[in-house]
Amino acid sequence: MAWLRSRKTKKLEQEVGERTFVSRSQGEMIWRAFRRHRVGNVGSAIVILLALAAIFAEFVAPYSYATQFRAYSYSPPSTLHYRSEAGFTLRPFVYETKRAFDPETYQAIFTEDTSKRYYLRMFVRGEEYSLLGLFKTNVHLFGAVAEDGSTTPVFLFGTDQFGRDLFSRTMIGGRISLAVGPLVILFSMPLSIVMGGLSGYYGGGIDMFLQRLGEVFMAVPGLPILLAMGAALGGLGLTSTQVFLGIIIALSLISWAGGARVIRGQVLAIREMEFVYAAKAVGSTDLRIILRHITPNVFSYLIVAATLTIPGMMLTEAALSFLGYGIREPMTSWGQLLNAATNIGGIEQHPWMLIPGVFIVIAVLAFNFMGDALRDAVDPYSIV
Amino acid sequence: MITYIIRRTLYMLPLLIVVSLLSFAIIQLMPGDYLTRSRLNPDITQETFDRLAERYGLTKPFIVRWWTWLVGIITRGDFGLSFETKRPVYFTLFQGNRLWWTLLVSLSTLIMTWLLAIPIGIYSATHQYKVSDHVLTFFGFLGLSIPNFFFALVILWMLVALIKVRRFGLGVSGLFDNRYVSAPWSLAKFGNLLWHLWPAWVVIGTSAMAGLIRLMRGSLLDTLSLQYVQTARAKGLNERVVVYKHAVRNAINPLVSILGLQLPNLVAGSLIVARVMNLPTVERAFFASLQAQDEYVIMGGLLFFSLFLLIGNLIADILLAWVDPRIRYT
Chain A
1 MAWLRSRKTK KLEQEVGERT FVSRSQGEMI WRAFRRHRVG NVGSAIVILL ALAAIFAEFV
61 APYSYATQFR AYSYSPPSTL HYRSEAGFTL RPFVYETKRA FDPETYQAIF TEDTSKRYYL
121 RMFVRGEEYS LLGLFKTNVH LFGAVAEDGS TTPVFLFGTD QFGRDLFSRT MIGGRISLAV
181 GPLVILFSMP LSIVMGGLSG YYGGGIDMFL QRLGEVFMAV PGLPILLAMG AALGGLGLTS
241 TQVFLGIIIA LSLISWAGGA RVIRGQVLAI REMEFVYAAK AVGSTDLRII LRHITPNVFS
301 YLIVAATLTI PGMMLTEAAL SFLGYGIREP MTSWGQLLNA ATNIGGIEQH PWMLIPGVFI
361 VIAVLAFNFM GDALRDAVDP YSIV
Chain B
385 MITYIIRRTL YMLPLLIVVS LLSFAIIQLM PGDYLTRSRL NPDITQETFD RLAERYGLTK
445 PFIVRWWTWL VGIITRGDFG LSFETKRPVY FTLFQGNRLW WTLLVSLSTL IMTWLLAIPI
505 GIYSATHQYK VSDHVLTFFG FLGLSIPNFF FALVILWMLV ALIKVRRFGL GVSGLFDNRY
565 VSAPWSLAKF GNLLWHLWPA WVVIGTSAMA GLIRLMRGSL LDTLSLQYVQ TARAKGLNER
625 VVVYKHAVRN AINPLVSILG LQLPNLVAGS LIVARVMNLP TVERAFFASL QAQDEYVIMG
685 GLLFFSLFLL IGNLIADILL AWVDPRIRYT
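Quick mapping for you: the protein sequence lines, in order, are chains A and B.
Sequential numbering of the first sequence, starting at 1, is according to my numbering.
Sequential numbering of the second sequence, starting at 385, is according to my numbering.
It is possible that part of the hints are untrue.
Lysine to any residue pairs mimicking SDA-like chemistry, simulated, CA-CA at most 25 Å apart [what the hints assert, rightly or not]:
1) B:K629 - B:Y612
2) B:K548 - A:D148
3) A:K98 - A:D148
4) B:K548 - A:D376
5) B:K548 - A:E147
6) A:K116 - A:Q68
7) B:K548 - A:Q68
8) B:K548 - A:E348
9) B:K548 - A:Q107
10) B:K444 - B:Q614
11) B:K548 - A:F101
12) B:K629 - B:L465
13) B:K548 - A:V358
14) B:K548 - A:I355
15) B:K548 - A:K98
16) A:K98 - A:L131
17) B:K629 - B:Q614
18) B:K548 - A:L132
19) B:K514 - A:I355
20) B:K548 - A:P76
21) B:K514 - A:D376
22) B:K444 - B:L465
Everything labelled a hint here was simulated from the structure, so no lab data went into it.
Note that the structure is a prediction, hence the values are computed from the model and not measured.
Chain A extracted, bound-state conformation (with noise of 0.2 Å):
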């Protein structure tokens, strides 16, 4: 029947007797699937940029986020200027600002005093912080400095009330913002597992009881009953790394039962699988058969379910800052940043506290590019 090849398999042919053939891992398919997705590439390239900024935020900012510069009461963000009298140039500089008050309505007006230009310069000494709480040093990436030395305060995104920094303050508060998901999934991720595993596995009256209990915590209002929670932990006279570890647990408690579900779904149809069967006939006992030869099997969705669940817990610690009752000051996130532009008044007049707004945004949207990206990734199988 060769005369009924066409001349265009008969090429296609050829080529693939000459292609030499590779067999690649697991490991390698995955990541080789999410190499080829672009968006998810891009995502990720960010969220590891996020995450270095969070990392070395002291580093990063050129103040601390408690620093209060008193004459600086909602200053708006620092003009960089590329233009001089010699042309454009690719160094920034800013101008000193001066605060005066409209006689009238005795609003704050900030005024460039064009005498003296600070030019923008990297890795310039400032305020001593410990890096990594390793080592203290005082170098910080970026700070204004004019030709004589002296030097003026720049403020990228702007000040708060107290006249602090925001570009600082966004930059240590996305370390609190990033970490939440991550956290909450370290706590909520081993609960799910114990709870579906078992539930799958043993099925009767422990799946009816897991499954009624996963019920009631999926009933539950998340957002009004973790505002309560907040009031609740808010009232303690709590340090504020405890309301923060309050936080973490309480987004745990109501966020398991949805994977738990899913856990016990794929370890219901697992269990019935020849090889489990041979693992109990060899006598292995039921934790090593949950650990060794179920868990690994539901471990891809694990992984993408916990990066898909990161950017909706952000948000929820976002919006719990945001209302007054997730994070608390002196300690700092996206979200509790925003608290500060909650009336439409203040909105209108300092629009640039709304700057650590994007920030979450970017963050979200990256971490959902990524976790599409893995999704696709994780069943290198599958010809898309």
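Take the given structure of chain A and dock chain B to it, following the hints.
Frame of chain A, contents of chain B only:
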């Protein structure tokens, strides 16, 4: 079907009881209950104090107090007394037309979301991989990623600072502008209500809408590749008829099944909008009670939100059975 509804309704009761226990436990975490706080208040006489303590068993252990509260709800419909307003909880929560405003805001958002999401999803699916589809997908992702409270702030800022709506005598908070609040109903008042509602729709509905569009697009694409659609096309039917009468009708079913999952988002969104836009809804009373640590009102609010979710889920399931006659409940 009717037995199914009855069974589901009965099943809600134990769930509500457990939720009440949970909320009671959370409230107990609050430091200094009303008893200790009212001791400091010279307005409260010893008799009132004793009477209150007696009524709510404020001196008794936790589980007994919960039980007293629960029995009060079941036998007398008594959700407790607001310590702040000295009025029954349901009155504090629902005073004025708050309940109706809450339902109006949530339900109108839900309707607007669906009315917009389904046509957009259909458009996206029928224009797969065209530029317009990519643009819509991107906006969908953006809609899923923008925190609704931030969105609310940005919209308000744009209205007030960029468009300067106050020039036109329009405000952005509450449900009406001042001059309409006590005015009798008229077309102008209704228009003013719509003006105040649309930001709420956008803010509460965006993330749900983005999800719905994605789902509708995927579901319709799946359906369009089925053989009966091919048959319909082969018969020479008009493309419009193929898409709208044959494919869309079946593609909508999975959407109805996630209606229940949207409800928690609806509750959360309404909470945030009520706070940012200062709407006179149940949510605002809930916030006030949180601030005042008004224990019984907080618990009443939590029960209200749970009930809202449970009833919503029930309705979603009934709708699903109605839309998809293949689903039968026994």
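Hints and how they fare:
1. Only pairs whose Cα atoms come within 25 Å are accepted, and K629 (chain B) paired with Y612 (chain B) is accepted, the gap being roughly 12 Å.
2. Using a Cα cut-off of 25 Å, the hinted pair K548 (chain B) and D148 (chain A) is violated, with the two alpha carbons roughly 45 Å apart.
3. A threshold of 25 Å between alpha carbons decides the hint, and for K98 (chain A) with D148 (chain A) the separation of about 20 Å falls inside it, so the pair holds.
4. For the hint pairing K548 (chain B) with D376 (chain A), the CA-to-CA distance comes to about 46 Å; that exceeds 25 Å, so the pair is violated.
5. Between K548 (chain B) and E147 (chain A), the direct Cα distance comes to roughly 43 Å. Violation of the 25 Å bound is thereby established for this hinted pair.
6. Distance hint between K116 (chain A) and Q68 (chain A) is fulfilled; the C-alpha atoms sit about 24 Å from each other, no more than 25 Å.
7. Between K548 (chain B) and Q68 (chain A), the direct Cα distance comes to roughly 33 Å. Violation of the 25 Å bound is thereby established for this hinted pair.
8. The suggested pairing of K548 (chain B) with E348 (chain A) holds, with an alpha-carbon distance near 10 Å, which does not exceed 25 Å.
9. For the hint pairing K548 (chain B) with Q107 (chain A), the CA-to-CA distance comes to about 19 Å; that is within 25 Å, so the pair holds.
10. A distance of roughly 71 Å separates the Cα atoms of K444 (chain B) and Q614 (chain B); the hinted pair therefore is violated under the 25 Å criterion.
11. Using a Cα cut-off of 25 Å, the hinted pair K548 (chain B) and F101 (chain A) holds, with the two alpha carbons roughly 24 Å apart.
12. For the hint pairing K629 (chain B) with L465 (chain B), the CA-to-CA distance comes to about 55 Å; that exceeds 25 Å, so the pair is violated.
13. For the hint pairing K548 (chain B) with V358 (chain A), the CA-to-CA distance comes to about 22 Å; that is within 25 Å, so the pair holds.
14. Restraint check for K548 (chain B) and I355 (chain A): satisfied, since their Cα atoms lie roughly 21 Å apart, inside the 25 Å limit.
15. For the hint linking K548 (chain B) to K98 (chain A), the alpha-carbon distance of about 28 Å lies beyond 25 Å, and the restraint is violated.
16. Annotation: proposed proximity of K98 (chain A) to L131 (chain A) is violated, straight-line Cα distance about 32 Å (limit 25 Å).
17. Our distance criterion of 25 Å between C-alpha atoms is met by K629 (chain B) and Q614 (chain B), whose separation comes to about 14 Å.
18. Of the pairs offered as hints, the one joining K548 (chain B) and L132 (chain A) is violated, with about 46 Å between alpha carbons and a cut-off of 25 Å exceeded.
19. Straight-line distance between C-alpha atoms of K514 (chain B) and I355 (chain A) comes to about 33 Å, which puts the hinted pair past the 25 Å bound.
20. Note on K548 (chain B) and P76 (chain A): the hinted pairing holds, with a Cα-Cα distance of about 20 Å set against a maximum of 25 Å.
21. At most 25 Å may separate the alpha-carbon atoms for a hinted pair to count; K514 (chain B) and D376 (chain A) meet this at roughly 22 Å.
22. Distance check on the hinted pair: K444 (chain B) and L465 (chain B) sit about 17 Å apart at the alpha-carbon level, within 25 Å; holds.
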